[in-house]
Amino acid sequence: MGCAMSAEERASRARSKQIEKNLKEDGIQAAKDIKLLLLGAGESGKSTIVKQMKIIHESGFTSEDFKQYRPVVYSNTIQSLVAILRAMPNLGISFSNGDREADAKMVMDVVSRMEDTEPFSEELLHGMKRLWVDAGVQECFSRSNEYQLNDSAKYFLDDLDRLGAKEYQPTEQDILRTRVKT
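Residue numbering for the sequence shown follows our numbering, starting at 1 and increasing by one per position.
Relax, there's no trap hidden among the hints.
Cut-off 20 Å, straight-line C-alpha distance, at most; resulting in silico cross-link-like pairs (EDC-like, lysine to aspartate or glutamate):
| hint | residue 1 | residue 2 |
| --- | --- | --- |
| 1 | K46 | D151 |
| 2 | K181 | E115 |
| 3 | K129 | D151 |
Here are the in silico distance ranges between beta carbons for each label pair:
| hint | residue 1 | residue 2 | range |
| --- | --- | --- | --- |
| 4 | S142 | R113 | 26 to 32 Å |
| 5 | Q173 | E25 | 35 to 41 Å |
| 6 | N97 | F66 | 34 to 40 Å |
| 7 | E25 | A165 | 47 to 53 Å |
| 8 | L91 | K67 | 34 to 40 Å |
| 9 | G27 | Q52 | 28 to 34 Å |
| 10 | N145 | T171 | 26 to 32 Å |
| 11 | E146 | E118 | 26 to 32 Å |
| 12 | S12 | T171 | 54 to 60 Å |
FYI, nobody ran anything at the bench for these hints, they're computed from the structure. A virtual CB, placed ideally from N, CA and C, is assigned to each residue, including glycine.
With the sequences and hints as input, model every part of the structure.
Structure below.
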């Protein structure tokens, strides 16, 4: 039997060569990929590093990313205020103005109804602002080393007017400062 290959054998050999070529190209591409293992304690900045890498080495965040982080900013802001409110009795701190009890109840109700990812209503926004400037809340915030509080709490709570605006869109800085359990 001769040196000739059947058409089927030629097609099979061509497929085999193409597969080998694709595997070689994939191997070259995989060798260029950099893998990074980030280890660290909770809230040590691992996810923040990934976000920063996306900003610096990729094209940054897409408009869809910005939209997706909006509820996270709302939640982080309310949850930070709730952490302060919950710590106050444990630290023996009272509101400087007794009227803030109603504002605190309103904020707690929003969380209990799991509405903390929604835009702030006018009433909620005003209540949060009154709470944030209360001397008792500020005293409790100054003792945040005695309880667990997001490190971005001040950043968001100082900017309630911007976050509460109807047309609010998160900035890169807002996204970098968000905390999402990973």
